[in-house]
Amino acid sequence: MVVDNALSGAEADGVFHALADATRRDIVRTVLVREHSVSALARRYPMSFAAVHKHVTVLEAAGLVTKQRSGRESLVRGDIDRVRDARSALDALEQLWRDRVTQMDQILAEDH
Amino acid sequence: MPITRVDKDLDAHTMTVVAEYDAPVERVWQLYADPRQLERFWGPPTWPATVVDHDLRPGGRVMYLMTGPDGEKSAGYWDVLEVDPPRRFLVDDGFADDTGQPNTDMPTTRMELELAERAGGGTTMTVVSTFASTHAMTQLIEMGMEEGMREAMAQIDSLLADAA
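Residue numbers (this note's numbering), protein chains in the order written: chain B, 1 to 112; chain A, 1 to 164.
Incorrect hints may appear among the rest.
Stated by the list, open to error - A few chain B residues that don't get close to chain A, going by computed Cβ distances all over 10 Å:
id: 1; residue: 35
id: 2; residue: 37
id: 3; residue: 44
id: 4; residue: 45
id: 5; residue: 46
id: 6; residue: 50
id: 7; residue: 57
id: 8; residue: 94
id: 9; residue: 103
id: 10; residue: 104
Claimed, not checked - A partial selection of chain B residues facing chain A, derived with a Cβ cut-off under 7 Å:
id: 11; residue: 26
id: 12; residue: 49
id: 13; residue: 69
id: 14; residue: 73
id: 15; residue: 93
id: 16; residue: 101
id: 17; residue: 107
id: 18; residue: 108
No lab work stands behind these hints: they were computed from the structure.
Note that beta-carbon positions come from the ideal geometry of N, C-alpha and C, so glycine has one too.
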């Protein structure tokens with residue numbers, strides 16, 4: 001597996017871990033559309049404020065969301081570029097195969 | 001260009017690459033069956049590969065190391081699932097650490113390669129890469145398909161196109 005152009009090493013680890021949880025994926029979707037306070041997010045899920053806050057912290061560490069202080073509230077916003085990086089993995093895989101096929105051709109050309 | 005088709009199916013989490021060669025099936029198979037040939041094309045041009053283990057049999061493992069332009073190392077492996085020489089193999093391609101231990105935190109990609117004779121000579125190679133459906137990588141790609149996000153993606157795409 002060599003598709004690591006978009007996200008690599010520890011960075012990718014964090015993103016994959018963060019998105020391996022259904023609630024965290026839903027939080028990312030929600031805050032990509034519109035920013036939400038942590039307490040507004042907490043009202044959307046059947047779990048405690050502390051549990052939702054913990055999910056947000058994991059997403060923040062992975063760079064998928066950012067948190068900004070606004071008065072007494074923390075506003076959570078999704079980072080579209082980070083999610084986009086994941087999608088570009090398929091494009092990176094395509095480029096990888098284009099390079100491979102070109103190099104295969106070069107080896108085969110030596111047969112003549 | 002010998003690549004004749006690239007299909008990306010985000011719903012099925014697959015990418016299909018079809019390429020055509022003038023060489024016969026047995027010759028193209030050798031590119032994979034011979035580690036010294038495999039290492040000459042497997043890594044990207046700026047990341048040459050060395051194949052350190054090569055057991056292309058069911059249950060076997062192929063292990064490769066790649067070195068980047070700044071000397072950084074990246075290792076990968078294939079877990080070989082099915083082999084039908086000289087036409088087809090099915091492997092799981094994953095990341096490994098410096099000692100060759102598979103990194104199970106990272107996604108693996110299932111890769112199915114098929115070689116078929118072309119009418120009039122030559123070979124058609126079809127490679128289907130599938131991201132493991134249970135894996136976060138797939139979830140990442142699925143997320144990209146969410147309706148609200150598709151709009152945002154389109155906006156960014158047009159912004160980038162304008163800038164180009």
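Problem set entry | Structure-inconsistent hints, enumerated in ascending order | 8, 9, 10, 11, 12, 13, 14
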